[in-house]
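These are the residues of each chain, in order.
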Amino acid sequence: MRTNVITKRCLSSHRFCTRLYSTSSRARHREVISAKNASVNAFVSVSEPSSSHVSRDGSKGLPLSGLTVAIKDNIATSQMSTTCSSAMLQNFTSPFDATVVELLIQNGVDIIGKTNCDEFGMGSLNVHSVHGPVKNPLGLFQDPPEERSAGGSSGGSAAAVAAGMCDAALGTDTGGSVRLPASYCGIVGLKPSYGLISRWGVVSYADSLDCVGVLASNVEVTQRVFERIAAHDTNDPTSAPQAIRYKARQQVEELFPSASTSTPSSKPTDDTSILKRLRIGIPQEYFPAELSSTILDQLRTLIHTLQIRGGATIVPVSLPTTAYALSSYYVLASAEASSNLARYDGVRYGSYEAPGPETDLTKTSSVYARTRSVNFGKEVKKRILLGTYALSADAFDNYFLQAQRIRQLIKNDFDRVFRIPNFFSDQTHQNTRDTNTETSQPKVDVLLHPSAIRTAPLLSDSESESADSLSAYVQDVLTVPASLGGLPALSVPMGVSGKEGFRWPVGASIVGQWGTDELVLAVGRAVERLQAGRCSS
Amino acid sequence: MSLFVRRVSLGKRAFHDIRTYKEDPRWPGWQVVVGIETHAQIKSRRKLFSETLTSSLNDPPNTHVSPFDAAYPGTLPKVNSKCVDLALRTALALKCRVSRRSSFDRKHYFYPDLPAGYQITQHYSPIATDGTLEIAIAESSPIRVRIKQIQLEQDTAKSTFDPRTSNSYIDLSRAGTGLMEIVSEADMRSPEEAGAYVRTLQSVLRAVGSSDGNMEQGSLRCDVNVSVNRKGDPPGTRCEIKNLNSVKFMMAAITHEVKRQSDFLTANPGLAVPQETRGFDENTFETFRLRSKEDAPDYRYMPDPNLGTLVLSEGRIEEIKQTLPPLPWEIRARLLEKYPTLQGKQQSLDVLLNVDSGREVPFDGENKGGAVQYFERLTHDLLGQLAARQETFSANTLTAEQFGELVDLVQDKTITGTSGKLLLRHMLANPSPRSAKEVASELDLIALDSASSSGSSASSELEELCKAAITALPSEAAAFKAGNKNVLNKIVGYVMKKSRGRADAGAAKNMVEKLIKDDDSS
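Chains A and B, in that order, are what the protein sequence lines are.
Here full-length UniProt numbering is used: the first sequence runs in plain steps of one and ends on residue 537.
Here full-length UniProt numbering is used: the second sequence runs in plain steps of one and ends on residue 522.
Fair warning: there could be bad hints in the mix.
[Stated by the list, open to error] Capping the alpha-carbon separation at 30 angstroms, the derived lysine-lysine pairs in DSS-like fashion look like this:
id: 1; chain 1: A; residue 1: 382; chain 2: B; residue 2: 293
id: 2; chain 1: B; residue 1: 231; chain 2: B; residue 2: 148
id: 3; chain 1: B; residue 1: 107; chain 2: A; residue 2: 378
id: 4; chain 1: B; residue 1: 78; chain 2: A; residue 2: 247
id: 5; chain 1: A; residue 1: 382; chain 2: B; residue 2: 107
id: 6; chain 1: B; residue 1: 293; chain 2: A; residue 2: 381
id: 7; chain 1: B; residue 1: 107; chain 2: A; residue 2: 381
id: 8; chain 1: A; residue 1: 363; chain 2: B; residue 2: 158
id: 9; chain 1: A; residue 1: 363; chain 2: B; residue 2: 242
[Claimed, not checked] Footprint (simulated), chain A over chain B, 3 or more residues, beta carbon under 8 angstroms:
id: 10; region: 68-80
id: 11; region: 108-114
id: 12; region: 292-301
id: 13; region: 306-312
Hints in this document: simulated from the structure, not taken from any laboratory.
We put the beta carbon where it would ideally sit given N, CA and C, even for glycine.
Please put together the full structure from these sequences, using the hints given.
Take a look at the structure:
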């Protein structure tokens, strides 16, 4: 039996989380930050432990009292700056707290600081940041140390959790930005259903895809934080109404009475019982040629374990439109980004760069052009240009509208395979149901596939990769469909990768129908439990 | 060659003008085609997508700004349903087809008065389409102007440039205020028709309470599309004249544009007028070129990913329909039907119908009665009185201004409805050039609880009257105190009688109740 270092790491921090919540944890996390952050570069600002909202005695008996949570730097906080890792907003402090930040504070959380990320959330390696790249802590403290990527765009949040600098962290996930870093850093990352967590105060990259996500070292802490921030918010027009949240939850409860219990820790032995009724779909399109063979082996082992030891039913399914997901995603996300980032022009927001002496000042555009050229990073500029083109009158029909059509087909694909209907979808809901009766594809409750096609790459490799930029995008291939569908997706560590010595983690993704986040989390707990059992045996 | 000929003839056949050509002595042989885009500020307390209060012209700059209005990162829009309701009223008044599902789009351009770098508007799927507005034209039959669409959108911030210091100033207070863009088809054929269209539209907006419709103050702004063609030819290339802020300027701009375009066509046979966006110089009364078609910006319209679909239920549309205030032409038709003698004196009737303009429009469509309803009621009274006095409408000595002021007095509660009738009868019986207000004060008709009268002393007069009534009716007062609610009407009736109609029944009722209760508690 090979030693599973990563799972042990998770387990030990799990024990630590449940037993040692105390006021001292915040002091200890700050110690870890001061010891390790210089090398990891996860935090871009750290709050003062004495700052107003942190250590009030009144917050002791609250649901998340004692928990330290880090916030990705594209989520607005009034006490610390919100830079989005961009030179454009390097001196920007929001006049208000994001709804999620307010909710965390109300629940007794110590907001420990703001975490590094890819500029405005654009990137999958967390190398496009004005604060410099985040280094994967799993590599730094090994012998010999390795500088590997923490993943992106929420790399700082993932690294902070993995390095023990906080109990949990909020990230944002537009096309995989929570799940990918979670996979690379060997932790748990949840991208909830679109519309469950308020986006008020989340700096928009692509509004129709952006979700606030939770990262923690285990599913239990992830769920505790998630449950406190998943609330309807009238400030967010895309926030799902109570009625349909309830409908989706009720469906889960009917099918899986044990999944909906919000206090999983009370009966840990039951964690795997849910698998007996569970139908797990394995989507055949999620195993591209680029997928590393060791990851494929690990997933096979996991599927086998779920089937044999958990009693789950494994069903091969097909989501035929998946091949087009990446193109659709990059057109839509870039188009929305080009729109959302228009406000950063040096006049309203952003550090103003005076135009050169030779500039024609009679054109307003030349006044903005210099600021935007200087203060946006390479990746952001690339996506703004791509998105601007996709929205131009000549290209709109062929790019933006086509991409929207593909997005709908991808949603239809998902709705066809899930047993629970999609309560969030608009008028098309009826249509998809009709086609259901025609195709006799067996229905499933969740989908299972690898979170990434590889383990955390070396930062030195990622630099050369930027030149050959397509490979960085291919990494997103497994995470983007759930974003387009607005579905909940959870990445949980699958244990070691490789046969001897090489111990880089990778995640398995559990994807459910819209609003079935509890089910996805319950399956995640079962996966954790089974793997722990496997390595301890 | 043959292809060319065919294309021209096809073009001719394809264009079917809904209007028949009428020679204009100012430009004989030329046909003028005008379409108008109107931006009307919605008379709502709050902005279209934020809870910020809307500003008025007198507010100091940048005092009505929330993080959303300033496009702070992380802010999101939220539709103000009051603005939607007012747009619906407008749509129904303009006989539009209301879209059960409409949506919002972003229109992108870089300008400092646009905080987010885009304006949220309704480009692809507007809230209402396909309406009509009938325009009365002096000494001619009315014309029908088709309304292409109504769309909800955000107003921009206001930018002012100080040429002395070379500084630009931005006032974000206006940013995000709700606008209705009302787009007409190119159905007008002269500057006068265009002017009449805007005036009629103003009266409709005011009647339904959806906008002040005030061009001078900027709550109504017009962009005008003008083209000219030789009689019998298909329409020419249009030029758009932007940001006209009075009916007078708009008509002058069209007139200049007709001259400019017909001169160009005469001087350049075979060429079309270059398509341009133009401005209007208020000093020279001439239009000038802002940009050519080639420089036209690509607005990169994109569906707004936050706002989704605006769904309107049949019930909501029906409710708006039921509560729609009476429209000017409906009142006109009702009066004409009831008093056939008014036929032939429609001009005077229109004058009276215009008493409504210049009045303040209430916020959010509240107080839905409004002046037009008082007008209708008093007009019935006027005509009834005239009939009783066996006088004709045109022979009536009451001027439209006097009558208008009388309506004002009733509407702003300076006098009660009962007193209004009395005043009307008196002014008809005793013709004089004095204002209605003067006569009302002379007759001691100013209402007791009116805010415009000398406040406290008048209300104390009401109090005295109520006290007197309670003293005069001790058993009724005791019965009311014991819980008999019906008896209150008798006490109030006593007050009303003693006040000779000057007391407002509601105010008297409240006062009597208060006095009895106070008495109880002391």
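Distance restraint between residue 78 of chain B and residue 247 of chain A, which requires alpha-carbon spacing of 30 angstroms or less = Distance of about 24 angstroms is within 30 angstroms: holds.
ask   = Is residue 382 of chain A within 30 angstroms of residue 293 of chain B, Cα to Cα?
value = Roughly 29 angstroms separates the two Cα atoms, so the pair holds.
ask   = Are residue 107 of chain B and residue 378 of chain A close enough, with their CA atoms no more than 30 angstroms apart?
value = Cα-Cα ~25 angstroms, so holds.
Chain A covers the region 292-301 of chain B, three or more CB atoms within 8 angstroms, holds or violated = The restraint on the region 292-301 of chain B holds, since 3 of its residues have a Cβ under 8 angstroms from chain A and three suffice.
key: Within 8 angstroms of chain A's CB atoms, at least three CB atoms from the region 108-114 of chain B: coverage verdict   = The restraint on the region 108-114 of chain B holds, since 4 of its residues have a Cβ under 8 angstroms from chain A and three suffice.
query = How does the coverage statement for the region 68-80 of chain B fare against chain A, requiring three or more residues with Cβ below 8 angstroms from a Cβ of that chain?
reply = holds (count 10)
ask   = Within 30 angstroms, alpha carbon to alpha carbon, are residue 363 of chain A and residue 242 of chain B?
value = Satisfied, since the Cα-Cα distance of roughly 20 angstroms is no more than 30 angstroms.
message = Check the hint pairing residue 293 of chain B with residue 381 of chain A against an upper bound of 30 angstroms on the C-alpha distance.
response = Since the Cα atoms of residue 293 of chain B and residue 381 of chain A sit roughly 28 angstroms apart, the hinted pair holds (cutoff 30 angstroms).
query = Would the pair residue 231 of chain B and residue 148 of chain B pass a check requiring their Cα atoms to be no farther apart than 30 angstroms?
reply = holds (25 angstroms)
task = Compare the distance between the alpha carbons of residue 363 of chain A and residue 158 of chain B with 30 angstroms, and conclude whether the hinted pair is satisfied.
result = holds (19 angstroms)
ask   = Going straight from one Cα to the other, do residue 107 of chain B and residue 381 of chain A come out at no more than 30 angstroms?
value = Holds, at about 20 angstroms.
query = Is the straight-line distance between the alpha-carbon of residue 382 of chain A and that of residue 107 of chain B 30 angstroms or less?
reply = holds (21 angstroms)
Of the numbered hints listed earlier, not one is contradicted by the structure.
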